[in-house]
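Novice: Could you build the full structure based on these sequences and the hints that come with them?
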Amino acid sequence: RGHNYAAFLQAVNMTKDRGIHIGAHLIAGFPTETREEMLAMAEEISSLPIGFLKVHQLQVVKDTPLADLYREKPFYTFGYREYLDFIVDFIERTSPDIVFQRLFATAPDSILVAPDWGRSRYEILRDIERQLEARDTQQGKKYRLQPALHIGS
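Numbered per the numbering used here, the sequence shown spans residues 138 to 290.
Keep in mind that the hints were calculated from the coordinates and are not lab data. Backbone N, C-alpha and C define an ideal beta-carbon position, used for all residues, glycine too. A hint or two may mislead.
Unchecked claim - Beta-carbon label-pair distances, calculated as ranges:
(1) V236 <-> K210: 32 to 40 Å
(2) N150 <-> G216: 35 to 43 Å
(3) H162 <-> A271: 35 to 43 Å
(4) R281 <-> N150: 17 to 25 Å
(5) G156 <-> E266: 29 to 37 Å
(6) F167 <-> P245: 41 to 49 Å
(7) D200 <-> Q275: 22 to 30 Å
(8) A144 <-> V236: 19 to 27 Å
(9) D200 <-> G255: 19 to 27 Å
(10) H162 <-> S257: 34 to 42 Å
(11) Y259 <-> K191: 12 to 20 Å
(12) R281 <-> D246: 35 to 43 Å
Claimed, not checked - Once the Cα atoms are required to be at most 30 Å apart in a straight line, the calculated DSBU-like pairs of lysine-lysine come out as:
(13) K191 <-> K210
(14) K191 <-> K153
(15) K278 <-> K191
(16) K210 <-> K199
(17) K153 <-> K279
(18) K279 <-> K210
(19) K279 <-> K199
Specialist: Okay, structure coming up:
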């Protein structure tokens with residue numbers, strides 16, 4: 138929301154120094170991000186004193202500057218199956234000490250422009266769980282096994 142990564146780190150450190158529990162909120166899928174950069178966020182966040190994490194796909198919502206950009210020049214947003222694969226990869230790379238508070242977002246149909254997955258919250262959560270089971274994986278299984286790709290400021 139108008140701040141860069143350096144400002145985020147400064148806020149995390151100032152908050153940690155006061156003994157306050159810290160949560161973070163990540164949105165994956167901005168048009169300029171690569172899959173590798175998005176997955177690197179898991180390792181980066183895991184290296185910080187973060188206790189809680191909300192992560193979800195980019196959503197284009199009506200009557201926003203992002204919706205205006207999307208209307209003028211549509212950009213790619215996550216497909217459903219692609220996001221399931223991504224979020225399971227992300228979960229695997231996230232420290233098991235972090236509590237996930239959100240894994241996806243579902244804007245109301247009345248304001249959602251993209252992506253339109255046509256699925257309920259229950260279906261999405263069920264499919265994430267099924268993907269974890271099918272891959273015989275869990276949170277933190279690949280934590281610290283991937284080479285670090287540091288996010289710039």
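Novice: Decide, hint by hint, whether the structure agrees.
Specialist: Verification of the hints:
{"no.": "1", "hint": "V236 <-> K210: 32 to 40 Å", "verdict": "38 Å, holds"}
{"no.": "2", "hint": "N150 <-> G216: 35 to 43 Å", "verdict": "37 Å, holds"}
{"no.": "3", "hint": "H162 <-> A271: 35 to 43 Å", "verdict": "28 Å, violated"}
{"no.": "4", "hint": "R281 <-> N150: 17 to 25 Å", "verdict": "22 Å, holds"}
{"no.": "5", "hint": "G156 <-> E266: 29 to 37 Å", "verdict": "34 Å, holds"}
{"no.": "6", "hint": "F167 <-> P245: 41 to 49 Å", "verdict": "22 Å, violated"}
{"no.": "7", "hint": "D200 <-> Q275: 22 to 30 Å", "verdict": "39 Å, violated"}
{"no.": "8", "hint": "A144 <-> V236: 19 to 27 Å", "verdict": "24 Å, holds"}
{"no.": "9", "hint": "D200 <-> G255: 19 to 27 Å", "verdict": "22 Å, holds"}
{"no.": "10", "hint": "H162 <-> S257: 34 to 42 Å", "verdict": "22 Å, violated"}
{"no.": "11", "hint": "Y259 <-> K191: 12 to 20 Å", "verdict": "18 Å, holds"}
{"no.": "12", "hint": "R281 <-> D246: 35 to 43 Å", "verdict": "40 Å, holds"}
{"no.": "13", "hint": "K191 <-> K210", "verdict": "28 Å, holds"}
{"no.": "14", "hint": "K191 <-> K153", "verdict": "18 Å, holds"}
{"no.": "15", "hint": "K278 <-> K191", "verdict": "19 Å, holds"}
{"no.": "16", "hint": "K210 <-> K199", "verdict": "15 Å, holds"}
{"no.": "17", "hint": "K153 <-> K279", "verdict": "26 Å, holds"}
{"no.": "18", "hint": "K279 <-> K210", "verdict": "37 Å, violated"}
{"no.": "19", "hint": "K279 <-> K199", "verdict": "37 Å, violated"}
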